[in-house]
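Novice: Could you slot chain H onto chain B? The hints should help.
Listed in order, the protein sequences are those of chains B and H.
Note that the numbering used here has the first sequence beginning at 1, numbered continuously upward.
Note that the numbering used here has the second sequence beginning at 262, numbered continuously upward.
A couple of the hints might just be wrong.
[Claimed, not checked] Now the stretches of chain H that chain B is said to cover, found in silico as 3 or more residues with beta-carbon under 8 Å:
{"id": "1", "stretch": "362-371"}
{"id": "2", "stretch": "375-386"}
{"id": "3", "stretch": "454-463"}
In case anyone wonders, no lab produced these hints; they're calculated from the structure.
Where a beta carbon is used, it is the ideal one built from N, C-alpha and C, also for glycine.
Okay, here's what each chain looks like letter by letter:
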Amino acid sequence: MIRLIRELYQYRGLLLSLVQRELKARYRGSFLGFLWTFLNPTLHMLVYAMLFTVVMRQNIPHYAFFMFVGLLPWIWFASSITGGASAISDRRDLMTKVRFPAQVLPTTVVVTNLCNYVLSLPLMLALGIVLYGQWPTWHALFFPVVVVIQLTFTLALTYIVAAINVAFRDLQHIVSNLLTMWFFGTPVLYPLTTLQDETLRTAMTVLNPMTALITSYQAIFYEHRLPDAGPLLALSAFSVMLLWGASMIFEARREDFAESI
Amino acid sequence: MQESMDAIVMQDVVKSFRKRTIRGEYTTFKSELLRWLRGQRRPREAGLITALRGINLTIPRGKTVGIIGRNGSGKSTLLKLITGIYTPTSGNLQINGRISALLDLGAGFHPDFSGRENILINGIILGMSRAEVRARMDEIIAFSELGEFIDEPVRTYSSGMYMRLAFAVATHVDPDILIIDEILAVGDEHFSKKSLAKMMEFKKSGKTIVLVTHDLHTVDKWCDLAAWIDGGYVRRMGRSADVTAEYRQAIALAESQAVVFTPPALTEGGGALPQVPGTPSAPPAEAEAPVRLTGLSLVAPSGEAEPFSPETPVEVLVDFAADARSEDAEFEVSLRDSEGKPLYETSTRLEAVSLPRQLPPEGRVRFVMERLGLLTGSYSVVVTARASGGISTESRAFQVSAPVGERGVFRPTHRWVVEPAPVAQQVVSAMASGNAPRAAGGGHP
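Isolated chain H (complex conformation):
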């Protein structure tokens, strides 16, 4: 147990639930009696909902792993299996270490009791002994920043205070494996910074963290690895930036194909998202394409490293390999935000860029941007090579950090001018910024 490198090992884990009848959620005396009178047997197989269809997942010790996926793809079920609240229908599940799960903050809080009394109960429920809770009581109270409110009944707390108290207890359990479901952003700016710092502390001390979230930015930033659960299977597991990029693409693709988003567990095939062309899970299309992308990088000619600033000139370097069928090839470049929404898309065909009739067997396309123009955030660039014989896609995530705290997505080239009224006409035309009329109006003659 001790020498095992893996904190969690799941092999072919399947979880199905019995579907409740439409009329009544629970078995009642009447329904039991009626069924018994009619001599029916409980329909075992018919009413099964399979949430997880065969999960193979290994979570290495000391890593922070993000679990992403659509609503209803089985993420929370997975966490409940890991914490032992559910038992797998079939398959193997091995856990090495003490687990603490933050699935719900404030489990077992009693509204009429003071914060202090609730810390005791909640701590014990989360797996601490009475002595441990007592020993950490002051630390927990200090972390929650509740001050004198700690001796007031919990029902008088604001929701922020409640969450802070619950979070404080949960993070002081000192587990080997920490399971978190969507709760990193607790309280105000200050407290969520503190929470993140606490998470970092966990990470540094070599704890394993499993985190379920829809905030892909968090996954990119905090997680070493990410697992994408889709259609009841692990769709992809790997470096978090790669996995989130593919996930974003799949979502964007599903939206563009007008895929109907139904509850995944009820859908044939688990409601998996469409395959992103050119990803490792779809190798055939990749191998057959006349133009194959072999590399993609973002480079600032000035030598500036990521995160780029909005004014940096940046080149997207696309390496490709082409064969004889590449006459009608075109290249598409798409800049996307962290959710995978396209911000700007263009292609060699749209801009009528003349490509050589026959592409060289190995070559490079440079997409040169005089200035990046994007504001602070994480983005991805997706390059697609299209030819009649197939398509090939590469993507890469990158960060932008603006020195000024502007809001929005892009930064147009602009400058500010304030002038007396008579030349107001020219002021407006001289200003690219939308704030121009207000700025001019402010300067009364």
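For reference, chain B alone in the conformation it holds in the complex:
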């Protein structure tokens, strides 16, 4: 794991340039350009907001804002995993021609999506302020902590998926379907408290790492309180272990990458 991270640090210039390029490339040639960073989640949110407030008549105050708080970090997570799955297997041109640490590629995907997330935060805050008068409170100071935990967790998972997908291409399809199920098993569209069943609630908190993260974001921005320390601490320990395991898998497979692609 140390080696993995040290190499990433050595190649930070490449990482930085690739992230820059991805950010630019995503919207290059489109008329609205960078605005799509905001428009995409907004449109996404409008669909769900319609569904839940008009059709299903959920009674949650400031529902659109509530959902936005959880949806944005979920998009970061989900697009990192789906993008990361093919990050190595799609770059035959690089992997078979140049020598550089392969972990740069999935890391680029995760960091690019993180940038997108951070860039869409002002829109989220503006929405809360303008529509509902929800000014951010001092609790937002804990926001970076949650982001770091999610970054660690996402990186670990992306490395595993990217490494396995090189030899086992079905994974990218399996992953994108699993993510849809995962999404509905995570309290993004509904608050965790709306679940009546106590055991189900506990199971979701314990078994789904994303629950701890999403509820923390909701606590910080929507409920204006400190996130629950217990699940977050457990998750950070779990994430570091997962990253360690992921780097083991990655190290074991990396020599095959150039040959298997």
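Specialist: Relative to the frame of chain B, chain H by itself:
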């Protein structure tokens, strides 16, 4: 590390690949599941393709080394091992110095980005830091000769412009060891001259260059040493002219023996080319032959040095040693082009040259050509002494440089005459050149 004289040292390097199944190139969920259900283990050994079977190669610092060999003989695999893209299955590989590999031009180019932006990414991928790329940006742009196109998206470039840009970045990395795979001839005449000049600059500044190419002429001209990879081993390593000459002979021999050219890695014994008789790798045949060639040189009696001109009289001097069994000996002379294709072959038997019944124990055969008659290019002369007890071969490469830019291979004795029509009959017969009828037709009465 610093004081080591060798840039690259390879010891018994073996590289094998797992063979993919015929039906599906990748492991899929279905195939994994089926195998798991049937309780089969992954067939480890059965599906192995061994590309390199034990490479021992030392590349000295500051030398330009050409790597030659048939398609699929493992040259590119070797380069990928040197650059670290592949790891050897077994064996030792030691690299001293920063490597830059030009295996593929334009790695990581993004079509929607401008040339300038791509220089940055490509340069970093090739091992420069951001600051280094920025510092060399103007130099790279100047070298690529793209002018104002540098700020246009790369997808609008012509293929020549694309290659020029990629080559410009790749050669500005400033490595200790430069690895090149078949890409010296980039762009038009002017740019490839410039590329070669850049290579020369690398060479002069004491960089090590490893070059894979099929262009033997390039190897003869630019490389100090050559390594011939054949059947997964280094068949021969030595002075480039010697190695390419033997390689050409082996190819010619394989063609004459109608050897089936199969993918080498799949063939028993690595699909090695046939042994050229009389080469150092086949010493027994040499030692036992009744007539052994001990020396071969090309001399112009006028004292002219290589490259010869087409009109130069040239003698091939063949020194030999013969023993008592040499009654039925004959000498063959073969002039070949740079690919090893025979241009002219003759022998003492064909021309019924009378040799002494018993050859002297040590003697010399002179093959005297009144004029060489060949045009600009590199050629080789191969002399073979045949007797019933064995054969012995020597070869030597030479260069010809014609003062006039004629095209073709040989230069017949000729002159030009233009005359009025009535004597056209004689004009044609008087002219050896094939252009005669046109020349005569042009002169209307």
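Novice: None of the hints should be skipped; say for each whether it holds.
Specialist: Results for each hint:
no.	hint	verdict
1	362-371	holds (count 6)
2	375-386	holds (count 5)
3	454-463	violated (count 0)
The structure is inconsistent with hint 3 alone, although it conforms to all the rest.
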